[in-house]
Amino acid sequence: MTHIYSTAAQMSAALAAKEVSSVDLTKEHLARIAQVDTDVHAFLYVDKEGALAQAEAADKLRAAGGAISPLAGVPLALKDVLAQKGIPTTCGSKMLENWRPPYDSTVVTKLKAAGVVILGKTNMDEFAMGSSTENSAYGPTHNPWDLDRIPGGSGGGSAAALAAFEAPLAIGTDTGGSIRQPAAVTGTVGVKPTYGGVSRYGLVAFSSSLDQAGPCARTVLDTALLHEVIAGYDERDSTSINQAVPDVVAAAKRQEVKGMKIGVVKELGGDGFQAGVSQRFQEALEILVANGAEIVEVSCPNFEYALAAYYLIAPSEASSNLARFDSMRYGIRVGDDGTVGAEEVMRATRHLGFGPEVKRRIILGTYALSSGYYDAYYGSAQKVRTLIKRDYEKAFESVDVLVSPTCPTTAFKIGEKSDDPLAMYLNDIATIPVNMAGIGGMSLPCGLAPEDNLPVGFQIMSPVMQDDRMYRVGGTLEAALVSKWGQPLLSAETKLAVK
Amino acid sequence: MSMNYDAAVAAYEPTLGLEVHVELNTKSKMFCSCSTEFGAEPNTQTCPVCLGLPGSLPVVNGKAIESSILIGLALNCSIAPFSRFARKNYFYPDMPKNFQTSQYDEPICVDGYLDVEIETDEGPKKFRVEIERVHMEEDTGKSLHVGGSTGRIHGAEYSLLDYNRAGIPLVEIVTRIVPGTGKYAPQVARAYVTELRDILRSLGVSDVKMEQGSLRCDANVSIAPIGSGKLGTRSETKNVNSLRSVERAVSGEIERQANRLESGERIIQETRHFLEESGQTRPGRSKETAEDYRYFPEPDLVPVTPDADWIEELRKRIPEKPSIRRKRLQEEWNVPAKEMESMVNAELLDVVEETVKLGSDATRARSWWLGEVSRLANEKEVAPTSLITAAQVAEVIALIAGGELTDKLARQVVEGVINGEGTPREVIDKRGLKVVSDDSALMVAIEAAIAAQPDTAERIRGGNIPAAGALIGAVMKATGGQADAAKVRELLLKHLGQG
Amino acid sequence: MAAISRDDVAHLARLSRIEMSDAELDHMASELGVILGAVARVQEVATDDIPPTSHAIPLHNVFREDVVKPSLTPEESLSGAPATDGPRFKVPQILGEAE
Numbered sequence: 001m002t003h004i005y006s007t008a009a010q011m012s013a014a015l016a017a018k019e020v021s022s023v024d025l026t027k028e029h030l031a032r033i034a035q036v037d038t039d040v041h042a043f044l045y046v047d048k049e050g051a052l053a054q055a056e057a058a059d060k061l062r063a064a065g066g067a068i069s070p071l072a073g074v075p076l077a078l079k080d081v082l083a084q085k086g087i088p089t090t091c092g093s094k095m096l097e098n099w100r101p102p103y104d105s106t107v108v109t110k111l112k113a114a115g116v117v118i119l120g121k122t123n124m125d126e127f128a129m130g131s132s133t134e135n136s137a138y139g140p141t142h143n144p145w146d147l148d149r150i151p152g153g154s155g156g157g158s159a160a161a162l163a164a165f166e167a168p169l170a171i172g173t174d175t176g177g178s179i180r181q182p183a184a185v186t187g188t189v190g191v192k193p194t195y196g197g198v199s200r201y202g203l204v205a206f207s208s209s210l211d212q213a214g215p216c217a218r219t220v221l222d223t224a225l226l227h228e229v230i231a232g233y234d235e236r237d238s239t240s241i242n243q244a245v246p247d248v249v250a251a252a253k254r255q256e257v258k259g260m261k262i263g264v265v266k267e268l269g270g271d272g273f274q275a276g277v278s279q280r281f282q283e284a285l286e287i288l289v290a291n292g293a294e295i296v297e298v299s300c301p302n303f304e305y306a307l308a309a310y311y312l313i314a315p316s317e318a319s320s321n322l323a324r325f326d327s328m329r330y331g332i333r334v335g336d337d338g339t340v341g342a343e344e345v346m347r348a349t350r351h352l353g354f355g356p357e358v359k360r361r362i363i364l365g366t367y368a369l370s371s372g373y374y375d376a377y378y379g380s381a382q383k384v385r386t387l388i389k390r391d392y393e394k395a396f397e398s399v400d401v402l403v404s405p406t407c408p409t410t411a412f413k414i415g416e417k418s419d420d421p422l423a424m425y426l427n428d429i430a431t432i433p434v435n436m437a438g439i440g441g442m443s444l445p446c447g448l449a450p451e452d453n454l455p456v457g458f459q460i461m462s463p464v465m466q467d468d469r470m471y472r473v474g475g476t477l478e479a480a481l482v483s484k485w486g487q488p489l490l491s492a493e494t495k496l497a498v499k
Numbered sequence: 001m002s003m004n005y006d007a008a009v010a011a012y013e014p015t016l017g018l019e020v021h022v023e024l025n026t027k028s029k030m031f032c033s034c035s036t037e038f039g040a041e042p043n044t045q046t047c048p049v050c051l052g053l054p055g056s057l058p059v060v061n062g063k064a065i066e067s068s069i070l071i072g073l074a075l076n077c078s079i080a081p082f083s084r085f086a087r088k089n090y091f092y093p094d095m096p097k098n099f100q101t102s103q104y105d106e107p108i109c110v111d112g113y114l115d116v117e118i119e120t121d122e123g124p125k126k127f128r129v130e131i132e133r134v135h136m137e138e139d140t141g142k143s144l145h146v147g148g149s150t151g152r153i154h155g156a157e158y159s160l161l162d163y164n165r166a167g168i169p170l171v172e173i174v175t176r177i178v179p180g181t182g183k184y185a186p187q188v189a190r191a192y193v194t195e196l197r198d199i200l201r202s203l204g205v206s207d208v209k210m211e212q213g214s215l216r217c218d219a220n221v222s223i224a225p226i227g228s229g230k231l232g233t234r235s236e237t238k239n240v241n242s243l244r245s246v247e248r249a250v251s252g253e254i255e256r257q258a259n260r261l262e263s264g265e266r267i268i269q270e271t272r273h274f275l276e277e278s279g280q281t282r283p284g285r286s287k288e289t290a291e292d293y294r295y296f297p298e299p300d301l302v303p304v305t306p307d308a309d310w311i312e313e314l315r316k317r318i319p320e321k322p323s324i325r326r327k328r329l330q331e332e333w334n335v336p337a338k339e340m341e342s343m344v345n346a347e348l349l350d351v352v353e354e355t356v357k358l359g360s361d362a363t364r365a366r367s368w369w370l371g372e373v374s375r376l377a378n379e380k381e382v383a384p385t386s387l388i389t390a391a392q393v394a395e396v397i398a399l400i401a402g403g404e405l406t407d408k409l410a411r412q413v414v415e416g417v418i419n420g421e422g423t424p425r426e427v428i429d430k431r432g433l434k435v436v437s438d439d440s441a442l443m444v445a446i447e448a449a450i451a452a453q454p455d456t457a458e459r460i461r462g463g464n465i466p467a468a469g470a471l472i473g474a475v476m477k478a479t480g481g482q483a484d485a486a487k488v489r490e491l492l493l494k495h496l497g498q499g
Numbered sequence: 001m002a003a004i005s006r007d008d009v010a011h012l013a014r015l016s017r018i019e020m021s022d023a024e025l026d027h028m029a030s031e032l033g034v035i036l037g038a039v040a041r042v043q044e045v046a047t048d049d050i051p052p053t054s055h056a057i058p059l060h061n062v063f064r065e066d067v068v069k070p071s072l073t074p075e076e077s078l079s080g081a082p083a084t085d086g087p088r089f090k091v092p093q094i095l096g097e098a099e
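Chains as they are written, first to last, in the UniProt record's numbering: chain A, 1 to 499; chain B, 1 to 499; chain C, 1 to 99.
Honestly, I wouldn't trust all of these hints.
Short, incomplete list of chain C residues facing chain A, as computed with Cβ under 7 Å [to be verified]:
{"#": "1", "residue": "L25"}
{"#": "2", "residue": "Q43"}
{"#": "3", "residue": "P52"}
{"#": "4", "residue": "T53"}
{"#": "5", "residue": "H60"}
{"#": "6", "residue": "V62"}
{"#": "7", "residue": "V67"}
{"#": "8", "residue": "V68"}
{"#": "9", "residue": "L72"}
{"#": "10", "residue": "S79"}
{"#": "11", "residue": "G80"}
{"#": "12", "residue": "V91"}
Straight-line C-alpha distance at most 30 Å; calculated BS3-like pairs for lysine-lysine [what the hints assert, rightly or not]:
{"#": "13", "chain 1": "A", "residue 1": "K85", "chain 2": "B", "residue 2": "K27"}
{"#": "14", "chain 1": "A", "residue 1": "K110", "chain 2": "B", "residue 2": "K142"}
{"#": "15", "chain 1": "A", "residue 1": "K110", "chain 2": "A", "residue 2": "K253"}
{"#": "16", "chain 1": "C", "residue 1": "K69", "chain 2": "B", "residue 2": "K27"}
{"#": "17", "chain 1": "C", "residue 1": "K69", "chain 2": "B", "residue 2": "K430"}
{"#": "18", "chain 1": "C", "residue 1": "K69", "chain 2": "A", "residue 2": "K94"}
{"#": "19", "chain 1": "B", "residue 1": "K142", "chain 2": "A", "residue 2": "K94"}
{"#": "20", "chain 1": "C", "residue 1": "K90", "chain 2": "A", "residue 2": "K27"}
{"#": "21", "chain 1": "B", "residue 1": "K380", "chain 2": "B", "residue 2": "K209"}
{"#": "22", "chain 1": "A", "residue 1": "K112", "chain 2": "C", "residue 2": "K69"}
{"#": "23", "chain 1": "C", "residue 1": "K90", "chain 2": "A", "residue 2": "K261"}
In case anyone wonders, no lab produced these hints; they're calculated from the structure. If you're wondering where the values come from, they're calculated on a predicted model, not measured in any experiment. The beta-carbon is built from N, C-alpha and C at its ideal position, and this holds for glycine as well.
Turn these sequences into a full structure, and let the hints steer you where they fit.
Here's what the structure looks like:
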């Protein structure tokens with residue numbers, strides 16, 4: 001009997017009961033990857049040997065009766081934006097083809113310490129810039145629900161790996177929705193923790209003030225278990241919060257929301273949202289009411305400026321963060337024929353090494369930071385950020401969490417929006433405000449849209465360092481939905497495009 | 001040139017501005033824990049942070065902040081209650097991130113001054129140099145240019161990079177323009193840098209070695225016709241690597257600019273390089289347009305907000321201003337100015353003062369440190385203070401004063417201490433170096449003799465005076481027959497209560 | 001819509017060290033014009049009385065102790081380099097001068 005359709009919590013229990021070894025569990029997943037990943041293309045690199053070695057080590061530790069963390073021996077897929085020592089880390093860019101970092105990111109250090117088995121690196125939009133994983137230099141990832149459709153982005157590889165049962169756990173990073181939007185369109189769960197809740201050390205920066213690594217899985221509890229492993233203060237990250245991590249696992253198990261006040265953000269819904277998305281969102285609200293929560297409508301008037309501010313702040317920071325890719329110390333080098341200078345080689349390398357979206361954002365960011373334009377663009381965007389923070393602060397005075405649909409639509413077709421950057425950017429309209437304010441955000445599946453039978457995401461937002469609240473609401477909603485459906489959205493019975 | 005310096009300053013009023021970069025002497029770098037030690041093998045003091053590897057993050061060295069505040073306080077600055085790092089974006093291969101993390105519009109210290117005194121035709125005159133700001137930044141790596149015929153940058157076929165220096169903390173001290181120096185601009189510039197160097201040394205925050213580059217000066221010079229009330233276009237002269245060069249660079253620039261104006265040419269705002277051999281400057285890179293650095297607040301670092309208690313705590317550590325201290329010590333010790341300068345230049349003022357504080361005569365302390373100790377240090381090519389302590393020198397001087405050692409014997413004692421033979425006392429004992437006519441020196445030998453023959457001593461105490469012969473003989477033997485036997489007898493009997 | 005010329009983009013491409021063909025410059029100029037037109041909306045609400053937010057979470061005074069910790073080995077430091085010469089990174093000739 002295969003274990004790949006189990007949850008991470010079930011795998012953990014099976015490992016603890018010695019019903020299965022980590023090596024066998026890992027082999028089952030490697031076999032699944034070999035079986036389906038030619039179609040899905042969730043992985044950029046599969047570290048077969050490394051994974052089996054980690055699995056063996058976890059088995060030995062368990063056999064020796066040593067203290068062992070709940071996720072020890074459970075396999076995981078790692079987004080290719082996180083440094084893992086000696087393992088290719090490309091960020092989906094040609095620029096870093098074959099770059100193997102000489103160090104581990106803090107997230108990887110924590111995963112290794114917990115005995116989690118890292119299967120390999122997952123596909124992503126180049127340097128996390130995109131909402132479809134079409135911007136990967138190594139080709140797009142396909143949505144397991146419909147291979148002609150996008151799996152979301154930038155973390156499409158991580159989400160697709162979960163949906164295709166190639167891994168029960170994955171790490172994503174979220175700058176404007178790159179964990180939550182892929183989770184929404186693949187019917188999986190993704191959490192962007194409070195900014196500073198998980199160390200960014202070793203996360204290749206896209207937009208430093210917005211980037212946040214987070215856990216992805218097929219259930220709220222699995223996500224919480226992984227959250228617990230990777231979260232916590234890190235002295236290598238100056239923006240890391242030196243406080244105890246909220247007990248997200250207990251919150252995920254709590255299964256009740258009696259008396260909680262849940263705010264529906266008026267501006268994150270309605271016009272521009274697909275009918276089936278709105279319908280499933282409303283039904284989820286009714287379930288929460290039936291479970292004793294109070295629903296109120298909340299207005300956050302400045303959210304309508306969030307997208308514009310985001311597309312100034314993120315490219316500005318990116319233009320600076322990506323300056324280091326100049327072919328001098330690592331990465332590819334182009335045009336060094338011995339006759340031209342370093343500057344010309346840098347220009348040729350960056351011309352060839354970066355894809356169109358990355359170049360677009362570097363140029364946009366360079367413009368927004370230029371003298372003479374700084375105040376009008378970057379400076380104004382930072383002020384909008386203040387306004388969005390204030391909107392949240394005001395809203396959280398009267399409600400415990402805020403909710404909205406995660407995305408305006410279900411998964412769109414590959415190629416459908418690749419020529420229209422603005423249309424593509426609109427995908428992130430409901431996820432971006434969370435990053436602007438540094439608060440926590442979760443997406444979990446709330447059903448399939450009736451018109452296209454594709455997953456719809458339900459977003460829960462919680463105040464800074466109150467991440468447990470979204471787990472409490474998410475866990476409750478998930479349990480109610482699964483009992484209503486009779487089975488999880490994603491299970492062995494789910495009719496996916498990949499078999 | 002048609003116009004010499006005297007003619008230039010007869011017609012034109014110079015205006016001066018100085019930017020001094022100081023490498024702090026912290027053990028670790030500004031934003032990572034790599035060593036800052038000078039002279040290590042290339043790239044042995046590098047890590048993901050100072051190499052700018054993807055994913056790495058900076059964390060501020062608290063000691064560097066402390067040193068910067070100390071510098072600000074010593075220069076009579078206000079310490080900013082809120083200061084921040086920014087990114088200064090420009091591409092250069094010896095700068096790993098292609099931005100320099102630096103303070104921009106929110107520096108840590110502002111609005112200070114430093115008074116300097118120079119000799120003028122009318123006697124000593126004081127000038128106040130106003131400090132605009134003191135801010136922190138990081139140093140770059142070092143490039144080595146290989147292949148070209150001249151060894152200069154142009155014509156090199158390739159370049160080699162060593163990042164050991166990258167990320168070493170730098171403090172930049174920027175003056176406001178110094179008006180009204182007239183023809184004394186070069187002397188004021190030199191006096192300022194000298195005074196600044198001495199202050200930094202007294203604070204113990206930097207090695208301040210201009211020849212090693214731990215203190216670097218850029219001189220901004222402009223001139224305008226006397227009485228015009230205008231400011232001319234300035235040039236910025238870099239590569240000024242000694243105090244003498246500061247003076248020469250300023251006078252050379254005044255002369256060059258005057259000649260340009262005399263021949264009807266404009267002064268171009270540019271960076272120039274000082275040439276040590278000729279005392280001239282040559283033009284640096286000419287820029288078509290002013291560089292656009294696209295500064296913005298560093299998102300990876302958080303603001304520095306020193307509280308008042310910390311600042312007051314640091315204020316207590318500011319030592320007496322070196323120039324005032326020198327004047328005071330010169331008076332107290334009654335030494336000629338030239339001798340004073342020798343001590344300062346040899347960096348021996350502190351240790352001489354310490355020696356004097358331990359009771360030594362100032363003249364003797366000075367002559368031991370500048371003389372014998374320095375001579376031995378020169379032989380060994382080390383710093384005098386690394387050979388022997390102030391306490392040991394003070395002990396030797398006391399022994400001379402007490403008549404126990406002659407100068408000649410004392411030199412042997414010092415040599416012995418330096419050779420690791422122990423304390424001065426131990427060296428004296430081991431080498432048997434004593435002027436034995438001295439009472440206290442003889443007493444040591446007498447006590448030794450008593451200790452060796454306690455029974456004999458007891459008999460003498462009991463009134464058996466003739467028994468003293470055995471002990472006197474022993475003392476005479478111990479002193480190599482150099483002692484006065486009658487004196488030995490007198491002291492011995494007195495010591496044993498028979499005197 | 002904010003007007004942005006091909007020369008503007010060429011200047012930005014120079015600043016950001018990205019080589020671009022004339023066709024790319026033209027394409028980028030038109031795209032950038034559209035995007036800037038959309039993002040310029042931030043100016044509608046960004047009034048003088050609103051302070052900018054650079055960090056979502058207001059932390060301050062995060063310092064490290066001045067303690068030396070092991071560096072990478074030179075082999076590790078140089079491991080990703082496109083070219084090396086002994087213990088140094090080898091790069092094409094550097095023209096011009098540092099700041």
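Right, here's what the structure says about each hint:
no. : hint                 : result
1   : L25                  : 10 Å, violated
2   : Q43                  : 5 Å, holds
3   : P52                  : 3 Å, holds
4   : T53                  : 4 Å, holds
5   : H60                  : 10 Å, violated
6   : V62                  : 4 Å, holds
7   : V67                  : 11 Å, violated
8   : V68                  : 15 Å, violated
9   : L72                  : 6 Å, holds
10  : S79                  : 5 Å, holds
11  : G80                  : 3 Å, holds
12  : V91                  : 5 Å, holds
13  : K85(A) with K27(B)   : 27 Å, holds
14  : K110(A) with K142(B) : 35 Å, violated
15  : K110(A) with K253(A) : 23 Å, holds
16  : K69(C) with K27(B)   : 10 Å, holds
17  : K69(C) with K430(B)  : 43 Å, violated
18  : K69(C) with K94(A)   : 33 Å, violated
19  : K142(B) with K94(A)  : 28 Å, holds
20  : K90(C) with K27(A)   : 43 Å, violated
21  : K380(B) with K209(B) : 20 Å, holds
22  : K112(A) with K69(C)  : 22 Å, holds
23  : K90(C) with K261(A)  : 61 Å, violated
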